[in-house]
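Whenever a hint applies, use it, and build me the whole structure from the sequences.
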Amino acid sequence: MSKQINVALIGNPNTGKTSVFNALTGLNQKVGNYPGITVEKKEGICKLPRGVKAHIIDLPGTYSLNASSLDENVVIELLLNKNDKDFPDIAVVVTDVENLKRNLLLFTQIKDLEIPTLLVINMADRMRYKGISLDIDYLEAQLQTKIALISTRKKEGIDNLKHLIANYKEVSVTPCIKASDIDKEYFENLQKAFPNQLLYKLWLVITQDVNFGKTDRKEIDAVANFKTKSKADLKRLQQKETIKRYQFINNVLREGQTIDVSQAKDLRSKLDRILTHKVWGYAIFFVILLTIFQAIYDWSSVPMDFIDSTFAFLSEWTKNQLPQGAFTNLLAEGIIPGLGGIVIFIPQIAFLFLFISVLEESGYMSRVVFLMDRVMRRFGLSGKSVVPLISGTACAIPAIMATRNIESWKERLITILVTPFTTCSARLPVYLIIISLIIPEGRFLGLGYQALTLMLLYFLGFATAVLSAYILNKVLKIKSKTFFVVEMPNYKLPMFKNVALTVLEKTKSFVFGAGKIILAISIILWFLASYGPGDDFNNAESIIKTEYAAQQLSEDEISQHISSYKLEHSYIGITGHAIEPIIRPLGYDWKIGIAIVSSFAAREVFVGTLATIYSVGNDDEATIKNRMAAEVNPILGGPLFNFASGISLLLFYAFAMQCMSTLAVVKRETNSWKWPTLQLFIMSGFAYVVALIAYQFLK
Amino acid sequence: MQNTLAELKRGERATIVDVSSIHIPLKLLEMGCLPGNLVELVQLAPFQDPMYLNINGTHLAIRKETASHIIIEKEL
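Protein chains in written order, with this note's numbering: chain H, 1 to 699; chain S, 1001 to 1076.
Heads up, none of these hints are tricks.
Sample of chain S residues at the chain H side, in silico, Cβ under 7 Å:
#1 Pro1025
#2 Leu1028
#3 Leu1029
#4 Glu1030
#5 Gly1032
#6 Gln1043
#7 Phe1047
#8 Asp1049
#9 Pro1050
#10 Tyr1052
#11 Thr1058
#12 Leu1060
#13 Ala1061
#14 Ile1062
Result set (BS3-like, lysine-lysine): computed pairs, CA atoms no more than 30 Å apart in a straight line:
#15 H:Lys270 <-> S:Lys1064
#16 S:Lys1064 <-> H:Lys235
#17 H:Lys42 <-> S:Lys1027
#18 H:Lys184 <-> S:Lys1027
#19 H:Lys319 <-> H:Lys516
#20 H:Lys101 <-> S:Lys1064
#21 S:Lys1027 <-> H:Lys229
#22 H:Lys477 <-> S:Lys1064
#23 H:Lys270 <-> S:Lys1009
#24 S:Lys1074 <-> H:Lys240
#25 H:Lys244 <-> S:Lys1027
#26 S:Lys1009 <-> H:Lys278
#27 S:Lys1009 <-> H:Lys101
#28 S:Lys1027 <-> H:Lys492
#29 H:Lys231 <-> S:Lys1027
#30 H:Lys130 <-> S:Lys1009
#31 H:Lys240 <-> S:Lys1064
#32 H:Lys101 <-> S:Lys1027
#33 S:Lys1064 <-> H:Lys244
#34 S:Lys1064 <-> H:Lys479
#35 H:Lys477 <-> S:Lys1027
#36 H:Lys667 <-> S:Lys1027
#37 H:Lys492 <-> S:Lys1064
#38 H:Lys130 <-> S:Lys1074
#39 H:Lys101 <-> S:Lys1074
#40 H:Lys231 <-> S:Lys1064
In case anyone wonders, no lab produced these hints; they're calculated from the structure. Note that beta-carbon positions come from the ideal geometry of N, C-alpha and C, so glycine has one too.
Structure representation (structure tokens):
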């Protein structure tokens, strides 16, 4: 086997680094986590010329090696640890041709670590637009590197990049700037104290607060203790370093880059004039949101109906084809409906991620951050909280991780605490099925009543999040500096490959992540519903037969009575009856009670649970929805899912904290049990009270 | 004429003279907010805050409060 080359892709955010990664690896990529932290680790394999393979890591985007977040720490930890199995044989710094000056700052830092470094200048297709021309030979000589001028959009230059990676041994490791130029006295003393170490590496160890693993631990501790300067002095040196680097870059670009402004076509300012306008900006944002919700509802209804009926058919077919027995029942009543409960959400989740990734890729999301900052600040949030709140509509877990770029701790904490109120995709199935049961199908101004209800629920989620932020802002006594820096990237047409890969990746992780839980719970529920203790359950047949002996009932009716009697006296029935007193005031029966209990681990289990409970003992091919519509309220008569109990359920699911994974992430991101515990009790308590009031008023 | 960046009006250009390093995050410096660089106010958000700037070719938005720690010299 030939040797595998380790390649690290590094770059500023918005340089198209991920496009380069996708272009190199295609579908040969996997996404995981760095051990112990929730930072996404993307890696892939790329085939190079002459049978050489490259193992490529797409490191989190960063503006420099001065890390200010967990994600950025990952970059510097890897680059300083020669013993890491992923330590790069070659670093590939991706830059955007329009922001070359700023992007080169990171390049010079990595170069100074004496790691072989390639420079990729991406988006070359935009050069003519912007009147930019580059003298590549000159730049290569001055920066002492090899340059790959590429365009991932036009698929140009990728082969050349592969060629350069394969020949990584030819890339120079000469640094750009001598550390001692920053402050002669300080750095000479430092070198005297640690004569065998690379000066720039020492400097990073002193200024960065990161974990360097076990290797060289002693030595690094010694370096980190070399604190002959105060924090303020160190920062002043960092500023001096930054100025020095820019001087170097400016000198290089003065000769190597020419920009003919008269040639530049400025789409940015034209679009910005409308999209960040004080009236039109908000109006457009609102229309975009409206379109997204309508689309999620309309476009996915066809595939969802298809999936629903397919699984009902499959379940029936299995029952008829396989010999009768416990295994067939488990398959037909437990596993298949459980799987159906996962698969049915794929269309909607895919559409949601499609829209979110298009908004991110196009650069529009930054404009929303800019527009919303002043408004959000009034509620103790940051403009950057908009991104978590919007991605929270997909899933609270990545949304809470997306708060990492909020500079102020107080604003970040509040965002973390309120994000779970936004309507995540796991609530969607619950909403959809209840809405379809209780809201009529009519239309109002071209929008369906059902879609409007769904939108109202999303709005309710946002409103609750923002209002609780306002209260938290008043209650929490935390002092922290508020910084807010957001890059406004150029508008770009989203690239199909990037969007498609994001949608694929996120949907996959939903299906396999949440899917495992749903499937496991479905199977457990089937057991609990199919078996029970004592005589009532075991002698169900004879009890029913004696009870109804006087009446002339058909075979079918008898077996119907038997199975519902069995269900009531199964383990699950007993549990459901035990909690019924608590939930009856909200308008729910014991079956819904079970669904609520089982969905405390994850909301999306609700529909799957009802599907399992209702299929047990039901032979006909009815879909979940039809079965729910046929349920009768045991006390009041009439349909169980009526307007009052339906609204009550919707509100309960809108507010309750029912997601173990979110609680775990909050614990990790806030580093304390206090916040997730508060979230669990306050949100769920509030949900109960609101659902109670709603039902009592509406019934 | 010396002012702070917070006083810049839409479409105006200026040169950065000094940044108070205690109040300014390193990240902002690294994005090009350094003495000697040109700055232009591209757009103000509703309520006049935050400010959408073009600093040295980099487009970014910062809050007024931060901008008030950056000393500029307006172009006449």
